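Now for the letters of each chain:
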Amino acid sequence: MKRLSRLRRHRAAGPILLVFALFTIGTTFQVASAVSNTTTTAADRSATIEEGKQLFLKGCSSCHGLNAEGGAIAPSLIGVGAASVDFQVGTGRMPMADMSTQAVRKKVVYTPTEINALATYVASLAPGPAVPTDAVLNYERDGSVADGGELFRTNCAMCHNFAAQGGALTMGKYAPTLMGVEPKQIYEAMITGPQSMPVFSDKTITPAEKLSIIKWIKAAESEPQLGGTALGRVGPVTEGLLAWTLGIGLLIGVAVWLAMKAR
Amino acid sequence: MTARERIAGNVAGYVDDRTGAAKWMKKNLTKVFPDHWSFLLGEICLYSFIILLASGTFLTLWFDPSQREVIYDGGYQPLSGLKMSAAYASTLNLSFEVRGGLLMRQIHHWAALIFMVGIVVHLLRVYFTGAFRKPREFNWIIGVGLLTLGIVEGFLGYSLPDDLLSGTGIRIAEAIIQALPLVGSYISFFAFGGAFPGEAFIPRIYTVHVLLLPGIFLALITVHLMLVWYQKHTQFPGPGRTEKNVVGYPLMPIYMAKAGGFFFIVFGVTAFLGAVASINPIWLYGPYTPGQISAGSQPDWYMGWLDGLVRMSPPIETHAFGHTISWNILLPGLILPGIMFTLLALYPFIEQWATGDKREHHLLDRPRNAPNRTALGAMALTFTLVSLMNGGNDIISTTFHLTINQMMWFSRIGVLVLPPIAFVIAKRICLSLQRADRDLVLHGRETGRLVRLPHGEFVEVHEPISPEKAWTLTSHEQLAPLELPEYDQAGVRRPKALANKLRNRVSRANAVAVPKATETERRELEGHH
Numbered sequence: 158m159k160r161l162s163r164l165r166r167h168r169a170a171g172p173i174l175l176v177f178a179l180f181t182i183g184t185t186f187q188v189a190s191a192v193s194n195t196t197t198t199a200a201d202r203s204a205t206i207e208e209g210k211q212l213f214l215k216g217c218s219s220c221h222g223l224n225a226e227g228g229a230i231a232p233s234l235i236g237v238g239a240a241s242v243d244f245q246v247g248t249g250r251m252p253m254a255d256m257s258t259q260a261v262r263k264k265v266v267y268t269p270t271e272i273n274a275l276a277t278y279v280a281s282l283a284p285g286p287a288v289p290t291d292a293v294l295n296y297e298r299d300g301s302v303a304d305g306g307e308l309f310r311t312n313c314a315m316c317h318n319f320a321a322q323g324g325a326l327t328m329g330k331y332a333p334t335l336m337g338v339e340p341k342q343i344y345e346a347m348i349t350g351p352q353s354m355p356v357f358s359d360k361t362i363t364p365a366e367k368l369s370i371i372k373w374i375k376a377a378e379s380e381p382q383l384g385g386t387a388l389g390r391v392g393p394v395t396e397g398l399l400a401w402t403l404g405i406g407l408l409i410g411v412a413v414w415l416a417m418k419a420r
Numbered sequence: 007m008t009a010r011e012r013i014a015g016n017v018a019g020y021v022d023d024r025t026g027a028a029k030w031m032k033k034n035l036t037k038v039f040p041d042h043w044s045f046l047l048g049e050i051c052l053y054s055f056i057i058l059l060a061s062g063t064f065l066t067l068w069f070d071p072s073q074r075e076v077i078y079d080g081g082y083q084p085l086s087g088l089k090m091s092a093a094y095a096s097t098l099n100l101s102f103e104v105r106g107g108l109l110m111r112q113i114h115h116w117a118a119l120i121f122m123v124g125i126v127v128h129l130l131r132v133y134f135t136g137a138f139r140k141p142r143e144f145n146w147i148i149g150v151g152l153l154t155l156g157i158v159e160g161f162l163g164y165s166l167p168d169d170l171l172s173g174t175g176i177r178i179a180e181a182i183i184q185a186l187p188l189v190g191s192y193i194s195f196f197a198f199g200g201a202f203p204g205e206a207f208i209p210r211i212y213t214v215h216v217l218l219l220p221g222i223f224l225a226l227i228t229v230h231l232m233l234v235w236y237q238k239h240t241q242f243p244g245p246g247r248t249e250k251n252v253v254g255y256p257l258m259p260i261y262m263a264k265a266g267g268f269f270f271i272v273f274g275v276t277a278f279l280g281a282v283a284s285i286n287p288i289w290l291y292g293p294y295t296p297g298q299i300s301a302g303s304q305p306d307w308y309m310g311w312l313d314g315l316v317r318m319s320p321p322i323e324t325h326a327f328g329h330t331i332s333w334n335i336l337l338p339g340l341i342l343p344g345i346m347f348t349l350l351a352l353y354p355f356i357e358q359w360a361t362g363d364k365r366e367h368h369l370l371d372r373p374r375n376a377p378n379r380t381a382l383g384a385m386a387l388t389f390t391l392v393s394l395m396n397g398g399n400d401i402i403s404t405t406f407h408l409t410i411n412q413m414m415w416f417s418r419i420g421v422l423v424l425p426p427i428a429f430v431i432a433k434r435i436c437l438s439l440q441r442a443d444r445d446l447v448l449h450g451r452e453t454g455r456l457v458r459l460p461h462g463e464f465v466e467v468h469e470p471i472s473p474e475k476a477w478t479l480t481s482h483e484q485l486a487p488l489e490l491p492e493y494d495q496a497g498v499r500r501p502k503a504l505a506n507k508l509r510n511r512v513s514r515a516n517a518v519a520v521p522k523a524t525e526t527e528r529r530e531l532e533g534h535h
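Keeping their order, the protein sequence lines are chains A and B. If you count by this note's numbering, then the first sequence holds residues 158 to 420, one letter each, in order. If you count by this note's numbering, then the second sequence holds residues 7 to 535, one letter each, in order.
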């Protein structure tokens, strides 16, 4: 015992133990991750589906039905695919708070793992568009800003406005602003067509073109306000408002001052 | 005489010997103008017009008014390599490559918006104070002409860059032209040199925008000002002010300084807006292609009310003899504005007809003392405001979480129902203000000082107003209603009986007023106190 305690106090004991601990942790992680990689296909997938089903039964089934078959107030989710679930739940639109017009983007309720489970469960019901992977979403490399702008103006601007600021639709529905929307979610919206939005299949707009659109939206988002304050980028309405308030207001103010009698 | 005075005198003498200007200058430099802030509103228009001429000239140095197709290779990356018209490409170039170009473009556009705002505010001042009455009817008509041309000129300028927004505007203009029965499609072919959009339209409107209309503007503005000069400026009533004099300050030096200074203020405000606030960011709109459109496409505000009328119009069409008449465009796009501008231009004569007052007026009315005119103005304003609001229905509905359908129905009903309500409310407010004036003259100003009398009663002390103020409040005349005969002495109906009956009725409504305080009433009350 005396010897052990003496060794414990040796100068080199600390560093040696540290190296040993790092080595142990490293190898254990390597082995463990290798193991999980090999078994994720079968057993883990069914576990995820089961987890997703449980989450679905708790959070979604009251409207979408116990087997996602839909009901009087909500559509069937059979065949909508993982991308649709990832978009709707990942932007906080689902679960829905107010069913009067359309689902509103709000705080996300589920964690990424839970969203993945829900998406995997819904995708297991029938095939549908899958969540695009990061490899697919390399818009910086595969997209073209100018083409994206042209495609955006042809296909998207009529609802989302020329600068992707959003716009009005009928009966209180609206196309939301695309500022601050993740590239993945923009991509998912195009392939699944949420709310009033049409589906832009890969035949209508190819995956490369979709990436160009995303690249243009991101460029518009980060574009500096070139001519001064952008006034919301909604066109002449705010410009007219400014002319009628600040513009003429300042001038009338000065006119009143000029016409005052000198004291 | 100092050396300086001698030199100045020699120069002046030299010029006068050759031009004879001294006599004219002596008379006109001392011309007196009355002082009121609202008399400077027209100057806002004049100065923004000068700014428009100057900044517009700068823009023409780089703008290429051509619809020839080019491939953009300029500095703005999001449009790089796209096909576009030379007009659009040169506007991009003007915005990004030319030093100070974007600032000039923005100053030009802000000055245009302020020019139109100024015209409308100036028109409202002239209308509500009755400054259009004899002898100024022609100048009123010139003013209405300037307003109308301003709308056209502004629209053409907005259309020139050939961006997605302006192309949409031209498309709507084309639709309105085509809505003309029988000749519409021919006129459209004539204007566009073939099918829309063609390659002829932008070069054509460029000539109109930079040459024809500015020329007409210059001529009309000159006549407008010469008439003001010749007829002298109107003034508000007050002690010492009559129909035969003008009380104010001389042009030189007071108004030279004020007006000259005001030009720089207007230029400063316009340049400030041009420097800090983006306007018409054409690079975001993209080049025009007939297949594209943006949500929330709007015209500039002075066209907004016309757009609002078109947006609210119900879908009515007539099919006859193989032709379609699109009332949904024809009515709000051409007929209604035509009626409105005609009524506006003819208003001085309509009022003369209704009041029978054909005398000269150089003293202005306070709006409350002409309740019917004020109420009619409130009615027209309400109509235009509802239409203008509907022009921005998409932006308003997304901003305030309304539905576009609610907005449309509100406008459809409101545009008919609200103006008469505004008429009644404005008229009642005018009469109440007359009553308040009468009270003020008879009982004086409320001092807010409460006094307790020996027997316990509390009274508020009223202070008589100054004789000058009392004069100002009572100097206006209250017209008696017309009593035009319907029958002649023999009891036979006159040829104009029906018209006379109508005029009597309108004039009776027009003469409704709270009787102003008279001197006798005032003395009588003073005796009581």
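None of these hints come from the bench; they were simulated from the model. Worth double-checking, as some hints may not be accurate.
[As the list claims (entries may be wrong)] Chain A regions said to be covered by chain B (calculated; three or more residues, Cβ under 8 Å): (1) 162–176; (2) 261–267; (3) 372–380; (4) 383–396.
Predicted model only: the values in this text are computed from it and were never measured. By construction, the Cβ of each residue, glycine as well, lies at the ideal position given by its N, Cα and C atoms.
Now the hints, each set against the structure:
Only residues whose beta carbon comes within less than 8 Å of a beta carbon in chain B count, and the stretch 162–176 of chain A has 0; fewer than three means the coverage is violated. Restraint check on the stretch 261–267 of chain A versus chain B: 0 residues with Cβ-Cβ distances below 8 Å, three needed, restraint violated. Counting residues of the stretch 372–380 of chain A whose beta-carbon sits less than 8 Å from any beta-carbon of chain B gives 4, enough to reach three: the coverage restraint holds. Residues of the stretch 383–396 of chain A with a Cβ under 8 Å from some Cβ of chain B number 13, which satisfies the need for three, so the listed coverage holds.
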